[in-house]
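Asker: Given chain A, put chain B in place with the hints provided.
Number of protein chains: 2
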Amino acid sequence: MSARSSLESRLAQAAALIEPVLERVLPRERDLFISEAVWYHMRTGGKHIRPAICLLTCGQFGGEVGSALNFAAAVEILHNVLLIHDDLEDGDTMRRDQQTVWARFGAGNAINVGDYMLAVALKTIMDSPISDAKRVRLARVFSDAFQDTCRGQALDINWRGIASIVVDDYLKLVTLKTGRYMALGMVGGGIIADADEGVIELLGELGQRMGAAFQIRDDTIDLTFGKGRGGVTGNDIREGKSSILYAHAICAADAAQKRELIRIMVKPRAETDDADVEKVRSLYRELGSMEFAERKARALVEDAFQIIERLPPSNREFFREITDYMVSRSK
Amino acid sequence: MSARSSLESRLAQAAALIEPVLERVLPRERDLFISEAVWYHMRTGGKHIRPAICLLTCGQFGGEVGSALNFAAAVEILHNVLLIHDDLEDGDTMRRDQQTVWARFGAGNAINVGDYMLAVALKTIMDSPISDAKRVRLARVFSDAFQDTCRGQALDINWRGIASIVVDDYLKLVTLKTGRYMALGMVGGGIIADADEGVIELLGELGQRMGAAFQIRDDTIDLTFGKGRGGVTGNDIREGKSSILYAHAICAADAAQKRELIRIMVKPRAETDDADVEKVRSLYRELGSMEFAERKARALVEDAFQIIERLPPSNREFFREITDYMVSRSK
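Listed in order, the protein sequences are those of chains A and B. Residues in the first sequence are numbered from 1 upward in steps of one, following the numbering used here. Residues in the second sequence are numbered from 1 upward in steps of one, following the numbering used here.
Among these hints, one or two may not hold up.
[Unchecked claim] Partial selection, computed: residues in chain B whose CB lies under 10 Å from chain A: (1) 121; (2) 124; (3) 126; (4) 131; (5) 133; (6) 134; (7) 158; (8) 324.
I should point out that these hints are in silico values taken from the structure, not numbers from a laboratory. No residue lacks a Cβ here, since even glycine has one placed at the ideal position from N, Cα and C.
For reference, chain A alone in the conformation it holds in the complex (with noise of 0.2 Å):
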């Protein structure tokens, strides 16, 4: 078996611990109204990869990977807390294939189920099987991710199409955005496991690395492949996202490029068709912003790299094997 099957496997196993949780703390038939559209929402599928990295991280650092079932379920929910708003905020109707859940149940259910879904998160921290010192803590640091994604969020939201995007501009939107939140099952399977303050405070480094690297992939997945809408590509060209080909191509553009660029980016999204998107494609290939991305990718891949070279030896190989594959799988 290569180690990258047996990475997937030992996930997967690992997510599977997740499911009974999840049920357990969103039963299905409990709220009206509520239940049903988290449930059309969770079971879309998604790997819970974030809190099986959770729970393999607690384990890495010899702690009880029961203890951390509910701090990893919390993760899971908020992700898909994220998931749900953030579809509203930029106005996306598909996600795996199918309706987004303010598209099938109106925006104001799509709003409260988040809502809801964070109150249950917060529950479900308070009820882990540890001191009460370190739910404290685990709070806390569940508090400090959210507060920064979004923070990335208002950037992303609010620098659509803007003239003046630097590249160091949008590093610092993914980071705070997923880097954040992708470190926080690691942080806090290393917070329950006691591992030392220097590896915590690694751990959160290295996610942040990984999440903007995994960023950067999804931005260019976008263009090829399709972020599961139907198989539609350009999406963020149709939103006018800063995307790292964004930032990258209004750098690199001259003043007729720019021009273009911003005109097309600024359209509404109704009003942006094929034709500009293919415009935007073929600037990018011109200006090689693809080819910056598979670069800027890289060199984070290689500070992640770095990062882990400063972690106990025996944890070494596993943290380069999930940042590899958090970082080559697509989504």
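Answerer: The following block gives chain B in isolation, referenced to the frame of chain A:
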């Protein structure tokens, strides 16, 4: 000085203690595209009644007010999150006679800013100068009340203009949506002050009655003075909300009246004109719905007073005053 004005000044003094906490946990200049919207909303007033009641309750049971400041601020933040999200869920463009957050900053920012504030509220509880055991307990009651508020909101959203609602359904809705988080500040104040378990439970019961009575009065105010939406009355009718007036009328109406009532309630907001509102208003008058609402509010206040009789004698006068104040004031 009358009892009422003395209570008002004590509430105002307590409310003044919350301002600096809010300024500290939500700095005005911290976050691009977030802080501006937070303070645009927060500065539109609100008397910080819920956190003030939390602080005075803590004092009533011999607790240090300083140790309750963080929790009280978290209650106020939650209240404002719910307003920001509810305004969007309801499509309300005006609150306290200015544009709502979503109308001013867009739906995406309104959702995201609310989420961010929730994360801050959680952190604020965790930073309370109290034991970890109490922090955990406060997070639990916070989560419980927040979950129930969302459950109530789910009924509110999905029970609009339905034919089968009865008054008990309405009471369930408002007890969840308004009562549980009205009680939250008092319950938290009791926990922080180490009040007896029995007392804490009574405070929860009391807050729920107060909240339901408050909401019933609020429903009637919508038809008399309007709810701070530029003097417009009948907003609940335009939105098709299941108010107590609607729940009563739909039970008391004959078949023709029922058809007419439902026809107007299910109309999209933009198509409901002043003549429709007048028709419903006169139907409510004919059926005695306003008087019914008034009787129901008074019965809930009576219930509240019965609960207060089971509190320690030295605390009773305070909670009677609070109940009177909450139920009789306009928003």
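Asker: Min Cβ distance, residue 126/B to chain A: is it shorter than 10 Å?
Answerer: Interface hint status for residue 126/B: holds (5 Å vs cutoff 10 Å).
Asker: Regarding the hint that residue 324/B lies at the interface with chain A, is the smallest CB-CB distance below 10 Å?
Answerer: 31 Å, violated
Asker: With chain A as the partner, please determine if residue 131/B meets the hint condition of a C-beta pair closer than 10 Å.
Answerer: 8 Å, holds
Asker: With a cut-off of 10 Å, does the beta carbon of residue 133/B approach a beta carbon of chain A closely enough for the hint to hold?
Answerer: 5 Å, holds
Asker: Identify whether the interface hint at residue 158/B stands, where standing means a beta carbon of chain A within less than 10 Å of its own.
Answerer: Hint holds; residue 158/B Cβ to chain A Cβ min 4 Å, cut 10 Å.
Asker: Identify whether the interface hint at residue 124/B stands, where standing means a beta carbon of chain A within less than 10 Å of its own.
Answerer: Hint holds; residue 124/B Cβ to chain A Cβ min 9 Å, cut 10 Å.
Asker: Was the hint right that residue 134/B lines chain A, CB cutoff 10 Å?
Answerer: 9 Å, holds
Asker: Taking the closest Cβ pair, is residue 121/B under 10 Å from chain A?
Answerer: 9 Å, holds
Taken one by one, the earlier hints fail for this structure only at number 8.
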